[in-house]
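8 protein chains.
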Amino acid sequence: MGLNVYLSGEIHTNWRDQIIDGAQGLDVTFSGPVTDHGASDDCGVKILGEEANKYWHDHKGAMLNAIRTRKGIADSDVVVVRFGEQYKQWNAAFDAGYAAALGKSLIILQQPDHDHALKEVDAAALAVARDPAQVVEILRYVLTGTLPG
Amino acid sequence: MGLNVYLSGEIHTNWRDQIIDGAQGLDVTFSGPVTDHGASDDCGVKILGEEANKYWHDHKGAMLNAIRTRKGIADSDVVVVRFGEQYKQWNAAFDAGYAAALGKSLIILQQPDHDHALKEVDAAALAVARDPAQVVEILRYVLTGTLPG
Amino acid sequence: MGLNVYLSGEIHTNWRDQIIDGAQGLDVTFSGPVTDHGASDDCGVKILGEEANKYWHDHKGAMLNAIRTRKGIADSDVVVVRFGEQYKQWNAAFDAGYAAALGKSLIILQQPDHDHALKEVDAAALAVARDPAQVVEILRYVLTGTLPG
Amino acid sequence: MGLNVYLSGEIHTNWRDQIIDGAQGLDVTFSGPVTDHGASDDCGVKILGEEANKYWHDHKGAMLNAIRTRKGIADSDVVVVRFGEQYKQWNAAFDAGYAAALGKSLIILQQPDHDHALKEVDAAALAVARDPAQVVEILRYVLTGTLPG
Amino acid sequence: MGLNVYLSGEIHTNWRDQIIDGAQGLDVTFSGPVTDHGASDDCGVKILGEEANKYWHDHKGAMLNAIRTRKGIADSDVVVVRFGEQYKQWNAAFDAGYAAALGKSLIILQQPDHDHALKEVDAAALAVARDPAQVVEILRYVLTGTLPG
Amino acid sequence: MGLNVYLSGEIHTNWRDQIIDGAQGLDVTFSGPVTDHGASDDCGVKILGEEANKYWHDHKGAMLNAIRTRKGIADSDVVVVRFGEQYKQWNAAFDAGYAAALGKSLIILQQPDHDHALKEVDAAALAVARDPAQVVEILRYVLTGTLPG
Amino acid sequence: MGLNVYLSGEIHTNWRDQIIDGAQGLDVTFSGPVTDHGASDDCGVKILGEEANKYWHDHKGAMLNAIRTRKGIADSDVVVVRFGEQYKQWNAAFDAGYAAALGKSLIILQQPDHDHALKEVDAAALAVARDPAQVVEILRYVLTGTLPG
Amino acid sequence: MGLNVYLSGEIHTNWRDQIIDGAQGLDVTFSGPVTDHGASDDCGVKILGEEANKYWHDHKGAMLNAIRTRKGIADSDVVVVRFGEQYKQWNAAFDAGYAAALGKSLIILQQPDHDHALKEVDAAALAVARDPAQVVEILRYVLTGTLPG
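Residue numbers (my numbering), protein chains in the order written: chain C, 1 to 149; chain D, 1 to 149; chain X, 1 to 149; chain B, 1 to 149; chain R, 1 to 149; chain F, 1 to 149; chain E, 1 to 149; chain W, 1 to 149.
Wrong hints could be hidden among the right ones.
[What the hints assert, rightly or not] No more than 20 Å apart at the CA atoms, straight line, and that leaves these computed lysine-lysine pairs for PhoX-like:
(1) K88/D x K54/D
(2) K88/B x K88/X
(3) K88/W x K88/F
(4) K54/W x K88/W
(5) K54/W x K54/D
(6) K54/C x K54/X
(7) K54/C x K88/C
Calculated directly from the structure, the hints in this document are not laboratory data.
Just so it is clear, the structure is predicted and the values come from calculations on it, not from any experiment.
Excised from the complex, chain C in its bound form:
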């Protein structure tokens, strides 16, 4: 058994790298969104032409990003959604809801002071982790039955 794991959410820290590095040797294929913030914001107008209106500027980009996001989530067995310390992060919560409706196994990576605000999201999850190392341990256990230390 191998797992396809989509890593959604916060893009300002290296949590994805920590999980990918930690999972070396496991039969896991990772995917995720474009994490270059500037490219992600401007891809629509850079490829398809400028927009005078900022709303449509954003919209064209968000729709291109959706091609990648939908494919990544649809192909995944597990979706990890990381909520960071800052920003609205509504796209992270949107991905969690999208994945939940498709029946994907959800792991939420969050800090304790967000617990109350995330309770509806967590109610659809199979695990709430506090750091990337715990996500790695979950993947290792699911694939090999091995527990830490």
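Take the given structure of chain C and dock chains D, X, B, R, F, E and W to it, following the hints.
Just chains D, X, B, R, F, E and W, lined up with the frame of chain C:
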């Protein structure tokens, strides 16, 4: 043709009432979450017993709320998600993602300064409205073909 | 047994009225798009605000129309798609493809000189009719087993 | 992440080759309809026997073509639909509707003077491109996060 | 709890009437194909125009009958398929396979000397009955928990 | 909003009546299996003829019961599964798994000394209740937002 | 593009070999039922133990064969169903119905004197072929666009 | 044709090894739950932190196990569920119900004195085997058409 409309999101203003009042005479059946904040937070422990740990207190409640939310969204044709001025509102974004994955017609009700933060959510929507009256006009047009004014 | 029938396509002649009138007394519920051409074109900007760019003007309207169209097709048992003599009518062909993918029973109403151009559409249909009266006869036969004359 | 891309629509210019050539080096698998117009028209009778009636001649061929088209679209992640300058092209719009109902990511390749006629089709798409090079740039961005220039 | 029951198969004896009469007082809604053999054979050409070729004569009719059959099976909870003593009855077996793939509860009504020939069909069924009265008793038991005599 | 609730599991105490009585005045439609143990065991042979082999005796009955069970679960929004003090009750756990795979909201009604043995079942549930009154309170809260005194 | 093709139906002539041989060089993976008639009839009792009752003897075997048949059809893109000259062949028609409900592309291989009896089956098919060579030509055309001679 | 086979249920004897060893040389890929009882019970708290309450201790573990179980069943063609002599084994029956609702081919491995208690589970199965060697023979027959000696 009639419509089932689920009203998700912000619970601190009377936007649901404005839409329901405005839509009188249209063949619309509305549903939505429990909007009593205290009841919504405490329903789990009030019905199923106290929890020493706040996380599980929240979890038991969120799971009961999910019975209502999932039913309401599953039965709906249109899901309106309102993002208010305050709070994280991750449950609203979660509902939007959940509804999008089920192929529901999404209408997002948001203020302009949230446009950038909501761009991925909006990319899955069929309309972005600025006030409840616009939502009413959309429902009227969809059902009757009549435009305002 | 009753039937929900969605009447898609051409909006410049009274073919829908002919079918609805002819089917009186049968257990059929009809739906269809907004057939007021002006309202259909301008609904987006009339309700949600003007757009400087004609493309987005059209886009906002088409997305509102999609709320009605998707609901109507999703709820239908039979989708009748009428191709008229004029115009591109790509929305009609789009509806036919959409309905076919959902497994709806398709009836195409077309004139003989369009037969070659419509062959891929017709290959997904259960009937190709030449006039509204034939559609009425099909509905009557399907519901009652009665043949004309 | 790799992508399966189905290239639907116009068969009289070399737009497919431009996209396939431009996407060399990307993890994309392309498919599409039979683009030999004569073979596509006559395959039914050539293989399964002549028909006296032109309608059934066309029908037998269109049904064989549907074996390929349905398989190609069903297996795809992205469906690109090209509307050319000429002809009715109802099969292209049909494919777009079919793909939309299956939840595929749609990219429409069209010229500006078709924008109004294609607005319902575009409302279901994640991108509207003006030339094959833009489609290549979209695929490159979705797969690698890289923007042009 | 009520049941929608589709009565498929043999049309030369009054087995449908026996079941419908026997089930009076139960909350069952019955549907079935057009049982007028002549109408069923000729409906296509009578409504949509003559065909010189007998194959297409039959085809046009069979496609119209499919509108009714698919609707009836799709809406049903239980599909009863009756195999009579004569004829090929491939449409009956086709309906059984179609219903099985949709997860409908299948009841096959057959005589013992057909048992071996029907074993693959029976393997997908929840009951094999020998006469219409047994089908009535099954419906009565499923709806009310009452057994005969 | 109304709810369809399927009451699965233990048939030797009056827990179903307690829930149905307690829920009077709420918009709930209840269904459940045949609770006459003897009828449930013997329905197959009583209706369709005796079997010499006890295995097939049981099998014929279990398949008839499946017609009712599958319909009841498929139509439900909420499935309540009661595990009693005695017996293997594998049919109860089977129903829970069946309902979980269909995405139904599960409520498990169990005594504390079964908690460990039921942990995989509970992991798929939205609530674990200890007595029928709690189930009633959940239904009341979900439908009306009202919490117990 | 490659195709998975399931070859259902008649097992007394070498039509499967003709198709498989003719398709050499094409990207096709074939599957089909167990074609050893004796093994197919007796597999249940040979593996799982004798049955005194011939009906259950057949039933146990038919259920084992269903493991293979359902897997083969579920994984296929195209299902070819061959109706031979003799026998009831209800399993062939059952497979056709099963495949049709799953949206598979159906090719029926039949002799002209069966045309009337098979009209409902043919109405769900994309091709009706008269000999195995035509099936090969269809597969070749679908995969390569090449027509015979 | 190859098969993915999920081996669910009893973890205290070596029945999985017997099946896997016996199936050597067949195109079968096996999966199953974590069979280390201690790890399976404690995985949640070992990875995600201790719980004071035994219920939540169990719950956290069961949810992690669900990631593996759901993936294994979802990817399988055949689910074998073994009921042993001891314990409640509700997770086994839950898996059987879950697999049945997804349309998987079920094989139940059980001793005769459990036949009555398992009749509802068996009614959803395609085979009831008495020992692991019979399961191997089923897999061999399904894949190769070969019967035992």
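Do the hints match the structure? See the list:
Under the criterion of a C-alpha separation no larger than 20 Å, the hint pairing K88/D with K54/D is consistent with the structure, at around 19 Å. Of the supplied pair hints, the one linking K88/B and K88/X holds, its CA atoms being roughly 6 Å apart against a limit of 20 Å. Pair hint K88/W plus K88/F holds up; C-alpha atoms about 6 Å apart against a cutoff of 20 Å. For a cut-off of 20 Å, the pair hint linking K54/W to K88/W stands: about 19 Å separates their Cα positions.
Of the pairs offered as hints, the one joining K54/W and K54/D holds, with about 16 Å between alpha carbons and a cut-off of 20 Å not exceeded. A threshold of 20 Å between alpha carbons decides the hint, and for K54/C with K54/X the separation of about 16 Å falls inside it, so the pair holds. This hinted pair checks out: K54/C and K88/C have alpha carbons roughly 19 Å apart, not beyond 20 Å.
The structure shown violates none of the earlier numbered hints.
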